[in-house]
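What follows is each chain in one-letter form.
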Amino acid sequence: MPEIQKHEVVHHLRQATSQLLAELNAWDNTKPDTVTGDILEIQSYLKSQLLDSPDLITRVLVSGIGVQVLVAYIDGLVDTVMVDQDIIAPILKSQTLPEKWDTETLHTGQVTKETRWTKIWPKLLRGNTIICAQEQSAVWVVDTVKYMQRPVSRPETEAAIRGPQEAFNEIVLTQMNQIRRRLPDNRLTFQKVQLGTVDQHQVIVVALRGVVNPGLLETVMYRLHRIHMDAIPNATQVGSLIRDHPRSIFPTLRYTEHVDFVVWGLEQGKIAVLVDGDPFVIVLPATLWDFYQTPMDYNSPWYDASFVRFIRIAGFFVTLYFPSLYIVFTTTNQNLVPYQLLTTIIGSHIGLPFPPILEAILMIFVIEIIREAALRLPKALSTVLGTMGAIVVGTAIVKAGFVSSQIIVIMTVTALSFYSVPAYELVGSWRLVNFVLLASAQFWGLFGVLWVSLALVVELDSMVSFGVPYLSPWIPVNWRSLKDSVVRLPLGQWRQRLGSIRPPRMSWNRTSFSKIGHPRLRYHQNRQR
Amino acid sequence: MRPLQKLFVISLVLMLLNVTACGTVAGINQTGVVLALGVDPGPSGQLLWTFMFPNPTITPSSEASVKPSEEFYTLQSYASSLVQAAEKISMLTDRHVYLGDIQVVAVSSHIGSRELVHVIHLLINTGDFPPRAWLTIASPSGEAVLKVSPPEEVVPTVFLGSYFSCQICHAIQLETRVWQVWDDLLVPSHTAVIPLSTVKGNKVQVNGSIWLTPTHIVECGRKRTLYWAMAMGKYRAGTLAIDNNRVVAEGVRIASHRWILVSSRHMVSRWIITLHGHWQSVNTGFKETSYDNLAEKMVLRHVLEIYQLAVEQHVDPFGVLNQVVWTTSGKAIMPRAEVTVLCHIAATARTE
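Those protein sequence lines, which keep their order, are chains A and B. First residue of the first sequence? That's 1 in our numbering, and the numbers climb one at a time after it. First residue of the second sequence? That's 1001 in our numbering, and the numbers climb one at a time after it.
Check the hints yourself; a few may be wrong.
[To be verified] With a cut-off of at most 20 angstroms between alpha-carbon atoms, the simulated SDA-like pairs for lysine to any residue come out as follows: (1) Lys399(A) <-> Gly1319(B); (2) Lys1006(B) <-> Val452(A); (3) Lys1006(B) <-> Ser462(A); (4) Lys1006(B) <-> Leu454(A); (5) Lys1088(B) <-> Ser1062(B); (6) Lys123(A) <-> Gln200(A); (7) Lys399(A) <-> Ser1062(B); (8) Lys113(A) <-> Ala231(A); (9) Lys1006(B) <-> Leu456(A); (10) Lys1147(B) <-> Tyr1078(B).
[Said to hold, decoys possible] Far from chain B by the CB rule (all over 10 angstroms, computed), these chain A residues: (11) Tyr339; (12) Ile346; (13) Val427.
I should point out that these hints are in silico values taken from the structure, not numbers from a laboratory. Here the structure is a predicted model, which is why all the values come from computation and not from measurement. Beta carbons are placed, not taken as given, at the ideal position from N, Cα and C, and that holds for glycine.
Make the full structure from the sequences, and use the hints.
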């Protein structure tokens, strides 16, 4: 056999053996978990576990007193300057025994000692550097993590014209810093929960002690600790595991990327759950009305915010009832339509091949296709496509004789109203309810629409979010919380916090003004100026 | 979900599926909307029903291009009742005849009082018919009145429906709905007043009224209708000419307040009619008080004339008898009327 072929065979066998070994290691739970103290064996172990992955860097050094040391880290996840200057350089010069390196040799901030591989592996793979000294049964784990993160940017999904424009990014530590900076109070607590046996997701529960209801905090912690899964990819999945009514189509948790909105919730006694790797923070409890509030509501004058909220409520009714009422009026209850409109509707339907219900379904599909396409395409292209789609398809589909011009107006207004809901997670829910209403309108007319509406109210009324009724503050009525409902009263008139979430500290405003109201400059003071 | 709850939900859904009320409703493409109805006398006790439909091809963009003669079309049938007539029309067309949007009903002036009362009861007793529709007596016939559509009316607006709906377009407010007439007929002491529409050339004029009781009809011309409107306070923003049309008041609105005065000896119907408005440009020697007196006298004379006519004809288009019945327990006879006319027509700044 030629020499080259021999080499190839050996190389191939080595690779296969390594893979087999790694596979065996992954399956073998009985192997010893402790650190042996033989650095060459450890080096081999590390390489075999990661299948000679090129990003695993291992280096054997000799310390100042002649002890062999293995330094290992994942390239790209660590700050290499730190590794060079604060770990390798001091070790090369160190005259102390490895047991005292944390206090006398290493220059970094956080150094811990670990003896079990189950603890060491996640830290190594997160960007820590491990230092193994010969004949030592413990490993130094040094925090050299370099966070690769996108900069703090503007919120993409909850754009605000006024007020803070700071959004969370994917790094949970940055999220904590952003909250801490806005709420520098020693009662602000961050409690860590590790979820996922494979992906080891960090989940941080944020609460303002003294304001948050202890029962609420306890419930959240209990539900998080109860989760035992291999992997939990993102905040949505974490939320789906801890929320009330997990099979309901209505969301009972609010997700937001606005820092100021999360802080406002914490100040009102809510809880935020940060999930590493997801810029959307869970805010709970969340009632139906919470999904109609935006961060900008608190950055606008009270009258403007109230008016916009009123428009959103109107949008809600348009979203739900516009298409179904069109079906009702054109199919079963024509007597409710003014005769002028009825005549023109009849005129517009002459020669059209489809009944109104099919027209509506056809238009829903057209709009959904345009929406999906616009979401997937690059921004510049999606704007063009959206406009072109709306205009070209809208006009052409009427001229082509597929649908009437009225249904174009109805479905366009409905589609726009869908997105007047500030929280995206509720849009999908209303879309489904809309389909049910359409079907009931077709089969049972106005009677069916009323039945479905009644069932909807009953369903929503039976729901809770972490003990808070879903239709709160209206059903059951909570007078204290109505100050932040359709009308948002000026903050100066708030005497207490919102009562629905039952914070132990209700007092909010203790400003004492004189009898005449707000302090003002007197007339003569103005004149002196 | 518990089994019992499941059963309840399933039975509820099945029950809903069996609701047939909506299943009988025709689709919008198979609906013919009737906008006006004409009623004329027919042979052997039947009636000639005229249904007026809008042109079904009308859309907002095509309205301007449709000729006035093509805006509506009518279909007729002889039948004893509206339901039968609608059924016959349905057989003539491929559409369900929808009566719910009828705006106006024009009943021929050749129909007698008993027949007219019968027609009104027929209309009210027809389930699909909207009692809010305007009612008018048509001369020479209901069909003739419906077929006249002035050029300013654009389909689907019906001329008479639009005419009676407008509260500020005409000085005399004669509009009455089918249910109001039916309601008046239910009370023996009442007399219904129905406007009279007459075709003249290619125009329709609402220039009179009829007083309808279950036993007879009293026709009123233009002047009597005007004075009746004055007496009843149904005259708004009109004109008033005195002194052989040499002096005219404009913007005249007349308010009427009527009640019954009962004393131990006799009963009096007391009316106070107040005129407001302003005199048109007059000469510099204008004497406001004298013109006011003339106007008062003129209105008073005509109101008393019309009241006298009502007494003679045994009708009560003023609602006096109803007041009598409610005020006293005695026999409902028309009492003596004491009418006071107060004129507050002011002079304008415009003088010649």
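message = Check whether the Cα positions of Lys399(A) and Gly1319(B) lie no farther apart than 20 angstroms.
response = violated (58 angstroms)
request  = Sort out whether Leu456(A) lies within 20 angstroms of Lys1006(B), counting only the CA atoms.
outcome  = Given that 20 angstroms is the threshold and the Cα spacing comes to 18 angstroms, the pair holds.
inquiry  = Verify this label for me: Val427(A) is non-interface relative to chain B, using a Cβ-Cβ cutoff of 10 angstroms.
reply    = holds (27 angstroms)
ask   = Taking 20 angstroms as the top limit, are the C-alpha atoms of Lys1147(B) and Tyr1078(B) close enough?
value = holds (18 angstroms)
request  = Take a quick look at whether Lys1088(B) and Ser1062(B) sit within 20 angstroms of each other, Cα to Cα.
outcome  = Not satisfied, since the Cα-Cα distance of roughly 30 angstroms exceeds 20 angstroms.
request  = Would you check the hint for Lys123(A) and Gln200(A), treating anything up to 20 angstroms between C-alpha atoms as holding?
outcome  = holds (10 angstroms)
key: Given hint Leu454(A) paired with Lys1006(B) - CA-CA distance at most 20 angstroms   = Measuring from Cα to Cα gives roughly 18 angstroms; hence the hint holds.
request  = Below or equal to 20 angstroms on CA atoms is what counts here, so check Lys113(A) against Ala231(A).
outcome  = Distance ~27 angstroms between Lys113(A) and Ala231(A) Cα, so the pair is violated.
key: Tyr339(A) non-interfacial with respect to chain B [C-beta, more than 10 angstroms]   = Check fails; 4 angstroms does not lie beyond 10 angstroms.
ask   = Are all C-beta atoms of chain B more than 10 angstroms from that of Ile346(A)?
value = Not fine: 6 angstroms to the nearest Cβ puts Ile346(A) too close to chain B.
request  = Take a quick look at whether Lys399(A) and Ser1062(B) sit within 20 angstroms of each other, Cα to Cα.
outcome  = holds (14 angstroms)
inquiry  = Need the status of pair Lys1006(B), Ser462(A): alpha-carbon distance at most 20 angstroms?
reply    = holds (17 angstroms)
Consistency note: the structure conflicts with the earlier hints numbered 1, 5, 8, 11 and 12.
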